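Trainee: Quick mapping for you: the protein sequence lines, in order, are chains H and A.
Numbering-wise (this note's numbering), the first sequence opens with residue 13 and increments by one.
Numbering-wise (this note's numbering), the second sequence opens with residue 138 and increments by one.
Just so you know, these hints were derived from the structure itself, not from any lab.
Model, not experiment: these values are computed from the prediction.
All the given hints hold, so there is nothing to weed out.
SDA-like cross-link-like pairs, simulated, lysine to any residue; straight-line CA separation at most 20 Å:
id, chain 1, residue 1, chain 2, residue 2
1, A, K209, H, V248
2, A, K189, H, T29
3, A, K327, H, T79
4, A, K327, H, R78
5, A, K209, A, F220
6, A, K189, H, A26
7, A, K327, H, A27
8, A, K327, H, D32
9, A, K189, H, D32
10, A, K327, H, R77
11, A, K209, H, A64
12, A, K189, H, M28
13, A, K327, A, A272
14, A, K209, H, T60
15, A, K327, H, A74
16, A, K209, H, Q228
17, A, K209, H, T245
18, A, K209, H, A246
19, A, K216, H, A74
20, A, K209, H, S62
21, A, K327, H, M28
22, A, K209, H, L63
23, A, K209, H, H250
24, A, K209, H, D247
25, A, K216, A, N322
26, A, K189, H, A27
Derived DEER-like restraints, expressed as beta-carbon distance ranges:
id, chain 1, residue 1, chain 2, residue 2, range
27, A, N225, H, T29, 22 to 30 Å
28, H, R257, A, N225, 50 to 58 Å
29, H, L162, A, Q183, 47 to 55 Å
30, A, A272, H, T29, 26 to 34 Å
All C-beta atoms in this analysis are idealised placements derived from N, C-alpha and C, irrespective of residue type, glycine included.
Letter by letter, the chains look like this.
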Amino acid sequence: MSASSENGAQNASAAMTIEDIAADWSALRRMGNNWNSERQAELDAWLTQSLAHRIAYLRIEATWRRTDRLAALRQPMQESADRRVDRKTFWTRIATAIGIVLLVGVIAGNYFARPHGQLIETPKGGREQLTLSDGSQVELNTDTAIRIDLDGQTRAVELMRGEAFFQIKHNSARPFVVTAAGHRIVDLGTQFLIRMAPESLRVALLEGRARLESTQLRQHAVVLTPGDVAVATADVTHVSRTSERELSENLAWRRGVIVFRNQRLDKAAVEFNRYGGPQIIVADADTAKLRVNGTFLTTGGEDFAAISREIFGLHVEHRNGSIVLSR
Amino acid sequence: MTENTGPGFGDVDPRIQGVVITAPEVDAWFEREVLPLEAGLMQFLQHNWRNKSDIADLRQDIYVRVYEAALKEIPESAKSFVFTTARNLLITRMRHEQVVPFEAISDLEALETAIDEPSPESAVMARDELRRLQAALDQLPPRSREAFVLRQVHGLSGREIATRMGVAEVTVKYHLKEASRILANLLYGKPADAWRPQ
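Start from the sequences and build out the full structure, keeping to the hints where you can.
Mentor: Below, the structure is given as structure tokens:
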């Protein structure tokens, strides 16, 4: 045979080796008990080495997901330690499931959709400080909802809306994972601030390290170090460096204030409006482009309007409980 | 002077460092549109490539090319894109390796149009899907199947499976790896009609 077929054989075995490694990673992750942030970092490194790795992993993960529906057949197992799975019973169950397949779909859907953990919400203008059972602290800003579940193998918090500041008690055996807007932030010993905006997620890291990753694409992880601010949308994550002063200004809400530094007026209005005072409406594009500096109480929308009138000579009109600013 | 130094978190400073490209849309598209074409693709490769030991490698190359293209723009028709990519790759390799007479390429083009790939949108009924999963599980080596069923049906962790099967955890990992690898080839790589009950 020619050299080309030898080549082919080598390449084929290369592709199969990649498949094998991808399957190995998936299996290890699904086993659960040994999975931790170090393993995840190793997997991330392997996945970023080549597109072929990424695709092989995607294909194996897709296979696992396809078989997840088998869990719909789950029934309580008997306790006896030596009990093996009875294949006959199992296939009988499959047959039954085939008979009532639509129902199975509904049941499986409900089973996985059933929320776990405790829901905590703040109203507009509210603020809440929580100390969790593991000693970690969470502060919620205005109009924020989180769900906390510390009973599982990982400590899990879901940020459903709003903004929260986390100070995590690190425990490498039980990682602290915050999910928000299709992303996951895995604590590697850390303090961080997360804010959900309509189209993006912003994560600012103050201390320690944390990993930010998409829940869809685990391989696209970025490790944040102090001063990093990541802005993630569905497709892209941008990481930039921020000064310490700016970070502390981002956290000014914890003291009940907002700090503006050369901020556009329309964005400043959006900030005030989060806190549920009178809504500030910026009426025209020229007014929107004005820039403001200063520190205000989160409840200080009226003051803000009054100062804008003095500095910029704006018209301030109270209309149906809103404040309209215009030139 | 930076634009977003205040607490308004809208735009991103264009001078940002360390940009990470993520592509969840491409991943979702690949899983939904491309993987279901695998059976047809394998059939195509087996018909058109003499050296069977090349096929895993060819499939990988095709997937990488398709995924790379989709990162730029997701093709309108996954099916025609995948098969055009496959055909072009085979033609390039035939020419490059000079092992196949030139006229084989025109045969290839004729064959390509004749291939009857399963369409991804032929939404396999959930009933068929379970039947297919059952048939695929049946083809696994017994110990791999046992480990896989304990994990996916009973939701046991690796450690619990190890205890129950009386083996070490690395052995469990091996069985789960084998099961998933074989299942991927059966569920994606084997034609759908091969699963229909006689």
